[in-house]
Amino acid sequence: MSTIQVDIVSAEGEIFSGTAEMAICPAIQGDVGVTPKHTPLLTKLRAGEVRVQNGGKDQETIFVTGGILEIQPNQVTVLADTAMRADDIDEAAAQEAKQRAEEAVANQQSNAEVGTAQAELAIAIARLRVLESYRKRKGAR
Amino acid sequence: MANAKEIRTQIKSIKNTQKITKAMEMVAASKMRKAQDRMAASRPYAEKMRNVIGHLADASSDFTHPYLAGGEDVKKVGIIVVATDRGLCGGLNINLFRKTLQFMQEQEKAGVEVELSVIGRKAGSFFRGVKANIVASKENLGDTPHLVDIIGAVKVMLDSFDNGDIDRLYMANNSFVNTMTQSPDVKQVLPVVPVTDEELPQHWDYLYEPAPAELLDGVLKRYVESQVYQAAVDNVACEMAARMVAMKAASDNAGNLIEDLQLVYNKARQAAITTELTEIVAGAAAV
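Those sequence lines, one after another, are chains S and B.
Number 310 in my numbering belongs to position 19 of the first sequence; there are no gaps in the numbering.
Number 41 in my numbering belongs to position 5 of the second sequence; there are no gaps in the numbering.
Okay, chain S solo, but in the shape it has when bound (with noise of 0.2 Å):
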């Protein structure tokens, strides 16, 4: 099967170079599969999962908290504001930052304030249901 040119990389560093026959991103209209000839794509992605396929299967699960997805017929690159693999999200951690995300969006006055405090929560929300799939899908393997 051909295969495509994956590239993720944050600002904090390279997290994945390699090729896969598909690479499932969380792009902001919604999840985008991207195969081998994929038509060039410009786009935002949302807080979510980066799933880097080979045989079928999830070789690499990275979570991403937002950035942006160029498509080229032969390559991907994920542009990523954070990033780290899903073996990295600490459990406890995660659920700490969604529970003081939830606090400030409820403490909040100002608008901008709130803003902030509800992107934070998404993000929060968005790393704990990774972890959860991947814990899942992991478990059926």
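Just so you know, nobody snuck in bad clues.
In silico contact screen, one side only, chain B against chain S (beta carbon under 10 Å); selected entries: (1) A95; (2) L251; (3) L252.
The calculated DSBU-like cross-link candidates involving lysine-lysine, where the alpha carbons are at most 35 Å apart (straight line), are: (4) K303(B) to K284(B); (5) K257(B) to K335(S); (6) K303(B) to K51(B); (7) K257(B) to K389(S); (8) K389(S) to K191(B); (9) K112(B) to K335(S); (10) K328(S) to K223(B).
Simulated coverage check for chain B against chain S, where a stretch passes if three residues somewhere in it have a Cβ under 8 Å from a Cβ of chain S: (11) 80–94; (12) 240–248; (13) 253–261.
No lab work stands behind these hints: they were computed from the structure.
C-beta atoms are modelled at their ideal positions from N, C-alpha and C, and glycine is treated no differently.
For chain S, the structure is supplied; the task is to place chain B on it using the hints.
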């Protein structure tokens, strides 16, 4: 011949200086390692970003963003200069400033006005000294530059680009080649220079999600910020490397000076002893 005591104090003061330069060399060496790690970590992002934006400029889109096109009729250009806050790092800053000044003179000869946004105290004081037109400055970034600190200086330039005050935006910075070499360079940031990828067809365009106007605005702003941020991170690594090399040279130089002075001192001391002896012998002979 200078007397022995004078030479002794001179040797002592050089030894003290040498201690300082040695300490600075070691501090710079350890900071450089950290700065290099940071630089290596954020480089892939900046490079990929540059690639994507290069593709974007190459795409034949119906929608043209001002950051991607234009810049033919140039009346005024902006330059973002990234330099260090502190001195004692050899010719690092001055090489960059010389290159920038040369570039500015070329622009002015062509009848193009220049305005500057300076990052780093040394850049501020130098360009204020040559009476350049400075519209924004940012100082005291520290050893770990943060994006939020840089955004202000970048935004001033982006705003005047948006308003049509400047037609081109350049960035002058040092790029880190290796510990011994840092190369100063003035690069065009806006409008974006297209990258032609031979594998791509002649006419193609992206699908944009959401609409191009909104998407490109965000993407291109982030592109400029990432390039300037990378320059600032590179600059710290350059600064530390240049300082380490400069301080090593200073310490070595101090060592040579001490050696030479020590010889002079020994000679002076020996001469004093000889004179004393001759005097004693002459005195004894007289008696």
